[in-house]
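Student: Here are the chains, one letter per residue:
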Amino acid sequence: MQTHTEISYNSKVEGDVVHTRLDSAINWFRKNSLWPMPMGLACCAIELMAAGASRFDIARFGSEVMRFSPRQSDVMIVAGTVTYKMATALRRIYEQMAEPKWVIAMGACASTGGMYRSYAVLQGVDRIVPVDVYVAGCPPRPEALLDALIKLQGKVAREPFASLQKRVA
Amino acid sequence: MPTRELAQQLKTRFGDLISDPAEFRGEITVTLADANSIAEVCAHAKKEMGFDYLVDVSSVDNYGNDPRWTVVYHLYGYGHHCHLRLKTDVSEEVSELPTVTGVWRTADWHEREIYDMMGIRFRGHPDLRRILMWEGYPYFPLRKDFPLAGKPTVLPEIAFTFSAPLDGGPFVTIAGGKDSTAREPRVRVPESDDVELTARLERRQDIKDVHGHSHGPGTVKKK
Chain A
1 MQTHTEISYN SKVEGDVVHT RLDSAINWFR KNSLWPMPMG LACCAIELMA
51 AGASRFDIAR FGSEVMRFSP RQSDVMIVAG TVTYKMATAL RRIYEQMAEP
101 KWVIAMGACA STGGMYRSYA VLQGVDRIVP VDVYVAGCPP RPEALLDALI
151 KLQGKVAREP FASLQKRVA
Chain B
170 MPTRELAQQL KTRFGDLISD PAEFRGEITV TLADANSIAE VCAHAKKEMG
220 FDYLVDVSSV DNYGNDPRWT VVYHLYGYGH HCHLRLKTDV SEEVSELPTV
270 TGVWRTADWH EREIYDMMGI RFRGHPDLRR ILMWEGYPYF PLRKDFPLAG
320 KPTVLPEIAF TFSAPLDGGP FVTIAGGKDS TAREPRVRVP ESDDVELTAR
370 LERRQDIKDV HGHSHGPGTV KKK
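Chains A and B, in that order, give the protein sequences. Final position of the first sequence in the working numbering is 169; the numbers increase by one with none missing. Final position of the second sequence in the working numbering is 392; the numbers increase by one with none missing.
Possibly wrong hints are sitting among the right ones.
Stated by the list, open to error - From the derived model, a few chain B residues whose C-beta atoms are all more than 12 Å from chain A:
(1) R182
(2) K216
(3) D235
(4) H243
(5) E265
(6) G271
(7) R274
(8) R292
(9) D348
As the list claims (entries may be wrong) - List time: in silico DSBU-like cross-link candidates among lysine-lysine, alpha-carbon distance up to 30 Å:
(10) B/K215 to B/K256
(11) B/K320 to B/K347
(12) B/K320 to A/K85
(13) A/K85 to B/K216
Simulated from the structure, these hints should not be mistaken for laboratory data. For each residue, glycine too, the CB sits at the ideal point set by N, CA and C.
This is chain A alone, in the form it adopts within the complex (with noise of 0.2 Å):
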């Protein structure tokens, strides 16, 4: 039997309690707070690193802490050339990540092997891991990666059952 309750509570608390539902509120908490694992490999770092200065503050959107421990990290922004070699070894790190996880790839070299059409460059980091978010340039204006982690917070925002949801690595 199902019963209709009136939510009722004590009218003092009246402004201070927001009702909502609890994926949207989810959903709010992780969009705010995305602490990034930078994948530093290559000059698009410089560009990461500039966008996590005082300028562009990347701070302002919640990636205040650039955690370099992937237990500790939502977002992994892989900024740079991924060789064959350093293939391996990104993909180790992204697996130990916790759920729920992002990825953005940064640059043309991350998201699709960039200039290098060789033998030694993985042609885009999305063959190793799954990737929320491309960010074109050569390097990408830190502007650019505001508005991927922009892009990505409006992913976050739209995940629906963000507590049930399993996700697929």
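Place chain B on chain A using the hints.
Tutor: Only chain B this time, still in chain A's reference frame:
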């Protein structure tokens, strides 16, 4: 110019082993006739003639010509500020020459890179193993017969490679086209490209370096 004198000194000391110094655009090059005495010559250059800095060791693949390898040493002296280039030829059957790590320790990693990319071994090297690619990678990538796109390989738990998609590349410009569309067409396959074949045949005759070695591959047969 002191470099020329230093090169002359080297020639007087080693005689027929060293060629006459050749000059090109202000740089002096000498060729060593026998690769096996490279360590001796370099030791003399360092201790007696003050070339105490090895700038670079690199190699050239004279694909189609014999001897296949040319190993090039760039020497410099902080005292006399002179640069000297030393070249030796190594044939493919031997593919080996003595190391100069006993003379300059920096040659260690340079020679490892040459081994990794070309397959030329160095006798007496303290630790000759791959430096850029991984142990167990089966090819030597900078040889002229190795494709730019690479070949698929798999070494479980260590690394893998795929062949990169080149889409009608390598995107080699045709020199001398009248505008950029002619010079850089959208798709080209060099093996069947008439312009590229003609250009290659012509180029091979007149592009020879100071010591008469030609650059570029051997005879290209039109299909």
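Student: If a hint holds in the structure, say so; if it doesn't, say that too.
Tutor: Going through the hints against the structure:
Taking the minimum C-beta to C-beta distance to chain A, about 42 Å, the non-interface status of B/R182 holds against the 12 Å cut. Its beta-carbon lying about 38 Å from the closest one in chain A, B/K216 satisfies the requirement of being farther than 12 Å from that chain. Here B/D235 stays apart from chain A, with its beta-carbon at least about 26 Å from theirs, past the 12 Å limit. At roughly 25 Å from the closest C-beta of chain A, the C-beta of B/H243 stays outside 12 Å, upholding its exclusion from the interface.
In this structure B/E265 is separated from chain A by more than 12 Å, as the shortest Cβ-Cβ distance comes to about 24 Å. With a minimum CB-CB distance of about 30 Å to chain A, B/G271 clears the 12 Å threshold, and the non-interface call stands. No Cβ of chain A approaches the Cβ of B/R274 within 12 Å, the least distance being about 25 Å, so the stated non-interface status holds. No Cβ of chain A approaches the Cβ of B/R292 within 12 Å, the least distance being about 27 Å, so the stated non-interface status holds.
A cut-off of 12 Å between C-beta atoms confirms that B/D348 is not in contact with chain A; the least separation is 24 Å. Proximity of B/K215 to B/K256 is assessed by CA-CA distance (about 16 Å); at most 30 Å being required, the pair is judged to hold. For a cut-off of 30 Å, the pair hint linking B/K320 to B/K347 is broken: about 36 Å separates their Cα positions. A threshold of 30 Å between alpha carbons decides the hint, and for B/K320 with A/K85 the separation of about 15 Å falls inside it, so the pair holds.
At roughly 40 Å between alpha-carbon atoms, A/K85 and B/K216 are farther apart than 30 Å, so this suggested pair is violated.
Hints 11, 13 from the list above are not met by this structure, while the remaining hints are.
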